[in-house]
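Asks: One line per chain: the protein sequences are B and H, in this order. Under the numbering used here, the first sequence is numbered contiguously, ending at residue 271. Under the numbering used here, the second sequence is numbered contiguously, ending at residue 303.
Worth flagging that the hints you see were computed from the coordinates, not collected in a lab. Using N, Cα and C, we set each Cβ at its ideal position, and we do this for glycine too. Hints are not guaranteed to be accurate.
[Stated by the list, open to error] So, partial list: chain H residues that the calculated Cβ filter (under 8 Å) puts toward chain B:
(1) 65
(2) 132
(3) 238
(4) 298
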Amino acid sequence: MAMEKRVWPLTAEEQEATAKSSAVGTPTVIVDDLHIVYKVYGATSAEEKGNAATALMRLVRRQGRPQMREVHAVKGVSFVARHGDAIGIIGRNGSGKSTLLRAIAGLLPPHSGAVYTDGQPSLLGVNAALMKELTGERNITLGCYAMGMTPAEVRAKYDEIVDFSGIGEFVQFPMSTYSSGMGARLRFAIASAKVHDVLLIDEALATGDREFRKRSQKRIMQMRESAGTVFLVAHNLDVIEETCNRVIWLHKGKIKMDGDPTEVISAYNKA
Amino acid sequence: MSQPDSAVADAQGGAATESLAALAKRHGLRRAIARPSLPFYVGQLWARRHFVLKYATSRNVSKYSQSMLGQLWQLLTPLLNAGVYYLMFGVILDQKKDISNYTAFLITGVFIFTFTQRTVSSGAKSISNNLSMIRALHFPRAALPLAYAVQELQQLLWSMLVLIGIVLLTGEPVTLYWLFIPVALLLQLTFNVGAGLFMARVGAFARDMNQLLPFIMRTWLYASGVFFSIPDRVADLPESLAFVQYIMELNPAAAYIELMRDLLIHDHTPPQWAWTTAIFWAVFALVIGFWYFWRAEERYGRG
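Chain B extracted, bound-state conformation (with noise of 0.2 Å):
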């Protein structure tokens, strides 16, 4: 692992050194004194029963709408990130941490601040647009347009993505008989079918085995040292020590640390 770790040897205060020096090293995303406010329907307050006469009760005494709640995920985050980094976002559950990756991809609008990018970052996601039903063949097409692929394109990745995957005869089975292990696999071989400058990742290597694990790192890895910037949301903080050359650590939708990887995580860890 530590190997790995010195393909690409710079810790942030290299990192600096370097920018100012070369264009390697030049800022990809800017996050300025970004607030993210979202609203979440369906929430319930206490005395709120969520039967008809309570709701007609509401609209009599004009109270507007109390299942309408909003959520300040990210309050105030600013940072700078660059060619090659591979920036591991770690904190707890419902610290802001996929919020922001959703607004560094351009798909939350910022309620104040900003994100500035080079092109379009995309969010390694293509869950959604897959269905569960249809045969893997058939998701990978499905999935591969979504992601706005040729054709050709799509032919000429095909057999990459299934040897990826790594699911074999499997790929003609809907998607609903393979293991969770199996999906997340062809899931993230899809996902990264595709060539990405800013490459955002939310928990997407949790799932799978450890040989499947060592591949999509390697993956990433790749995808660094062709200059691109990738975003790593995870859980399992070893897969974020192995991969990140610098970590954010959020904390209620604030920068509580950021810099080298096995500083932060083992702060973390203490707190």
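Fit chain H to the known structure of chain B by using the hints.
Replies: Quick look at chain H alone, frame taken from chain B:
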């Protein structure tokens, strides 16, 4: 290095006083969220045509994948529908007086109306049912209502097969007018796409719409002359109610139904307004619907 401010300090690098916005500008980075211009949006949508088609087909395949008869249901559903409506209105309520070939008259009305009804109602749900996809992937959002319209079009083509069978069985001749069937369907499809896009935006932000829509749709069904002939009904209206006639004639669904009856049923004389209304609504709905949907492009999936 472990203070919250360190990211900013690091980002500023050489120029310690440079703001992040200025840094972004210096490196040519842009804000992630912006609505594309209308022509650019059309181009984006065209680039996603393969996705639209694949998504529509996949939804149709997965819809029946759990049933034993599978894709046969695409044919069986319209057949059974035709049977039920004929039993209700042809036999029990006996509406057929004055209308020649009531069977073909009724089934045409039901199938053509169902096409518009299903496209509009599924269009209204196309955004709210796909929020996870919208929040994970970049694509012109109009691809979703469009895919739902294509899905209903595929279903309609099976229904048309059943319909042509019924029309022939009830003794209608094959005429050259049948060549206009694709034209009539294209006009209706254009209207459906526009109305579906319009309703997609309405349904995305006014969530109660999906509860209300079935009632609106049923009212529309009864007002569209599916079970009765509009010219017959409005003929003996008193002078003071003449405006009802104009409203009936402006109904796009009625126009598309009348067009198809005109083409398929030999003895059916179409009202003169049918073609005008059909073309007007197709153009109007597409232009307004597309424009209205595009105006909120960057806001879908936010709620």
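Asks: Decide, hint by hint, whether the structure agrees.
Replies: Comparing the hints with the structure gives:
Contact between residue 65/H and chain B, as hinted, is supported at the beta carbon level, the nearest pair being about 4 Å apart and thus within 8 Å. Satisfaction of the interface hint for residue 132/H is found here, the shortest Cβ-Cβ separation to chain B being roughly 4 Å, below the 8 Å cut-off. Contact between residue 238/H and chain B, as hinted, is not supported at the beta carbon level, the nearest pair being about 41 Å apart and thus beyond 8 Å. Residue-level restraint check for residue 298/H holds (minimum Cβ-Cβ distance to chain B is 7 Å; threshold 8 Å).
The structure fails hint 3 only (numbered hints given earlier).
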